[in-house]
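**Q** Same order as they appear, the protein sequences are chains A and B. Residue numbering for the first sequence follows the numbering used here, beginning at 1 and increasing consecutively. Residue numbering for the second sequence follows the numbering used here, beginning at 1001 and increasing consecutively.
If you're looking for bench data, these hints aren't it; they were derived computationally from the structure. Accuracy of the hints is not assured; some may be wrong.
With a straight-line cut-off of 27 Å between C-alpha atoms, the simulated DSSO-like cross-links for lysine-lysine are [said to hold, decoys possible]:
hint, chain 1, residue 1, chain 2, residue 2
1, A, Lys121, A, Lys76
2, B, Lys1269, A, Lys83
3, B, Lys1313, A, Lys140
4, B, Lys1003, A, Lys116
5, B, Lys1406, A, Lys161
6, B, Lys1195, B, Lys1269
7, A, Lys76, B, Lys1003
8, A, Lys114, B, Lys1329
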Amino acid sequence: MLKINQLHKSYPIGDSSLHVLKGIDLKVEEGEMVAIMGSSGSGKSTLLNIIGMLDEADSGDYILDGLPIKNLTEKKAAIYRNKFLGFIFQSFNLINYKNALENVALPLYYQGMKRKERQEKALFHLGKVGLADWADHLPKELSGGQNQRVAIARALAANPKLLLADEPTGALDTTTSYEIMAFIQQLNDEGKTILMVTHEEDIANMCKRIVRLRDGVIMEDKKVEQVRAEQYV
Amino acid sequence: MFKFLFDRDTWQEVYDSFSKNKLRSILTMVGVWWGILLLIGLLGSARGLENSFNRLFGDFATNSVFVWGESTSKPFKGFQEGRQVRLSLADAKKIEKNVEGIEFVVPRSQNQATVVRDFLSGSFQMAGDYPLLDQVQKKKLIHGRFINQNDIDFNKKVTLLSEETYKQLFKKDENAIGEYVQINGMSFKVIGIFKNGDVNMGPPTDMHIPFTTFQQIYNRGDEIGWMMITGKPEYDIKQIEADAKLLLKNLNKIHPKDNRALGSFNLGKEFSKVTGFLVGMQFLTWFVGIATLIAGVFAIGNILLITVKERTKEIGVRRALGATPFEIKRQIVVEAVFLTLVAGVFGIITGGWILIGLDAAFGQGDEAAIVNASVSIAVVFVALVILVILGTLIGLIPAFKATSIKPIEALREE
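Just chain B, same shape as in the assembly (with noise of 0.2 Å):
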């Protein structure tokens, strides 16, 4: 059935009607080429910010929702309105414990802290912390470790340092882990210095201690600056922020109706929101490709029309000398199929340029807008059956007009 695919006649025959209309053939496989190089450079782009977006995000654990306490807007239960909530590690623990799709719940402590080493001195923002931070937040070490249980168990004098921190109370390439510095008087060792992400949700954080320590220097007892809760992936964030909230609400003596005295962030929904601006581009990016393409392949079909109509008499003489209908049509098919297929791979490369043009223009360094702007195979494949598929049903129109005129008529035409 295909053995005339591999025939050198058929491709010569192809060549002939190309080459005897060069420069019309080129303007028609203009439009196809327009709509796959639209195609693949938008799709690109697209996944080129996705992957951006992914990498800003990629740190954190996006199912998640910060809560903290702020000052009561409504009396309830004998308490005056403007009190001030104070969330403590029990009802963290209460959360973990009680709402359903929870994966687990950080609390954590901040503070300004003053910090010597030597004759170098600073106020820097500290953060009390738990190993699990790790999980919620991806902590981009450079040297050293994390806080560990152990840490925490033995509210050890330990901390890490941000980058930045580093640099203000070390000498340039000074070996930090090991050292001492002195916060608020007290002597820390130093475990580790980490690296601040591109997206930070709260305060920056300069350094981290662990929760235990934090608590003790501070004497915080049982209290707790905030709270991260991570939802399991297959729960919804929102509903998980709610019934925390419901909670929290429910042990602290806060009225159920009293929006103002737990603030929060929820992560999860401001990250489905960037996301479903992406799933939109490259919804839209799909329909103006095949668009752009169905468009191009009717430009085809057209130029094929009229070149079946120029060559009506000698598609009357071929078939005087015993060309059957069908070899006809085939033949036109495998010229429309052809030519856009030629047009359709001369459009993925040079989409593939204009990526790789992107990727060189804004593609580079950790602040990338675009992160490997791309398109897979398969996007590649499917575009190439799709140009195929529409090549064949638009060569069938011309196809079928070239064998519905009678040979005799063919032959009579000047």
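Chain A extracted, bound-state conformation (with noise of 0.2 Å):
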């Protein structure tokens, strides 16, 4: 599903430079849940950026789903991610003026969907987090779970390959953390593979592998046992 093979990252800051990812080695399956964990500054947000064609690594190897992602330009880094990938954000990342349905949909416009159907498809994933109620309220009328949710139904709406996470509790109080999670987990279980970046330890035990990162290396990859997280809802 993805490979990276030794991966760098350096950013420049003044006249020397940061080397912020040294020779990252990674490898996810079809259908796998994983938490990359670390330490602020231990680079897995840029480890996330990168996956996400957000960011350009300096040199190494990345394919996803058999597909060298090297040198693109903008225009095909954003048909790729509109594609391929699902964004999860810690601060929700709503548009504001939009509704949920309008934001939910926000992703098929871009990909030329017409008008009706993408407005169907928008409130289908809606209804699927249980928000198709609400479609028609803008973010500020809605509580910071339901805007996550309304996140997850925009990164789910283009069926994408991979999601990614980047602290998707970050924002959200414990109770409305693990409702979140159940919502991925459940994704997960319907196939979806996921990548999440957190550093809350009980959020990394939910998912199914826990990939630790350090000053850049990756310390540790250990499959985990999945807490579920229905149980604490």
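Assemble the dimeric complex from its two separately framed chains, guided by the hints.
**A** Written as structure tokens, this is what we have:
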């Protein structure tokens, strides 16, 4: 599904440069649910951004579903992102003047889908996260948990191969976090491959595999017994 | 390529970003609105002034010069200075024949005449004229006809009266055509009533009689009062004036450098001064209008730049979701063009209102200072095209700004 080989990335800081990723090797199979953990500065967000094609590695290979991701133009990257990836952000990143339905439909708009079809599909995905009745509400009229569910629906709308979540529960209280995790687990049960950055142990333990980074290298990569989130809800 | 222009979503996006900041968008548009308003208002007013000048001069063949004899100021060929120059019919014929670019030469004579009808009488300026006069200085006939060749050939005793003259000699609404008036003791039949124009070249004329009749009753022989020389439109009337005067000096034994012997009034020269002024005014109008427009469009670009800055994160999200840089740029350019166009259309409409107001205030009646103040559809179209072009160009600046930031950096923005 996803194969990363000797990935390096450094950022220039003044005259010197900061070596953030120092040769990462990672292989993720279809249907996996991986938590990437590490303290701040460990390079976990950078890794996720590179996987999300929002950033580019200096060297190394990145193959997504058999497709080498290298030297992408902005346009190509945008198309790949739209087609292959779904993003879930810590701060939801919903467009505040668009209602829930329009937010969910946005990736489909960039796919060039017709309005009617798009809205039907968006409504279906909103229904899946249990927010069909809130379709015409603006983000500010929804709770944090509801907003993150809208964001999950948006990430799912384009039916991506890989779901990338950057601290999806970072802005939520514990109960709501578990609710969201229950959703994400359910998606994984249905076969979606999920990659998530988090620094909370309990959240990471709800995944099936934990990859720990420190100072730009993988310290530990182990499979864990998944803790189901439903029991806490 | 332009399919997106007919896409409801494109306009939904434009509407969303507009309604998010209504006041700011409206304030932004004021600049462009004002520019177009100025352009339309000034161009329309300039056109109105031009129309009013054209109406004033409309009765005249403007490529004309009037020449008459005065007294010499230099002795020449045995003649003393101070001799009265008297132009003749033969002079007029020779000018018509020999000077290049002449359309026609109309000789005229003028004198004071006492006119009596029944118990009413008055003293009036009477001119002896050829039918050709009507070509140089269009007569506005209220009733009847102008002098014709038959009147000339047979020295007919017929006359045209001006409206004012008619009012002095006839009762209100009385029929004058076919009636007789006594001019210097002779009976003349009234064949027409005319109206004097707003602008008169030379002394105002109260009555016209056939030229030949005039020469006969005043015993003028070949001598004429003055002549109107009209040039063909493609010829320079100043050159014609110089040529005609030189010929007249030759014929009348006037010193070639005697500038006082012949009096003249060059209508073409005066007219081109006025039209030159109008052309200058139009140029100024375009200049001011377009400059204001550009300033207005820059204001729009400026605001969009701020808007783009504020929406950096949103743009980042859109790009993460798969918006290509082109789609982002296109949307911003569409917004810029939309704002300029809406402001422009409002400007055109309000400019039109101003012209309607001007027309109502100054454009009514015969003496109106501004006649039919208006702009042509072509001008409106050109203005709109300029707006679209400027809007596109100015929209490109924020558009490139929006996509110059990497999506990853845009997402980090708070």
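**Q** It remains to establish, for every hint, whether it holds in the given structure.
**A** Quick rundown of the hints versus the structure:
1. With a C-alpha separation of about 24 Å, the suggested pair A/Lys121 and A/Lys76 falls inside the 27 Å cut-off, and the hint holds.
2. A threshold of 27 Å between alpha carbons decides the hint, and for B/Lys1269 with A/Lys83 the separation of about 75 Å lies outside it, so the pair is violated.
3. Restraint check for B/Lys1313 and A/Lys140: satisfied, since their Cα atoms lie roughly 17 Å apart, inside the 27 Å limit.
4. With a C-alpha separation of about 17 Å, the suggested pairing of B/Lys1003 with A/Lys116 holds against the 27 Å cut-off.
5. Only pairs whose Cα atoms come within 27 Å are accepted, and B/Lys1406 paired with A/Lys161 is accepted, the gap being roughly 24 Å.
6. A hinted pair counts as satisfied when its Cα atoms are at most 27 Å apart, and B/Lys1195 with B/Lys1269 qualifies at roughly 26 Å.
7. Proposed proximity of A/Lys76 and B/Lys1003 is supported: the alpha carbons are some 21 Å apart, at most 27 Å.
8. Only pairs whose Cα atoms come within 27 Å are accepted, and A/Lys114 paired with B/Lys1329 is accepted, the gap being roughly 21 Å.
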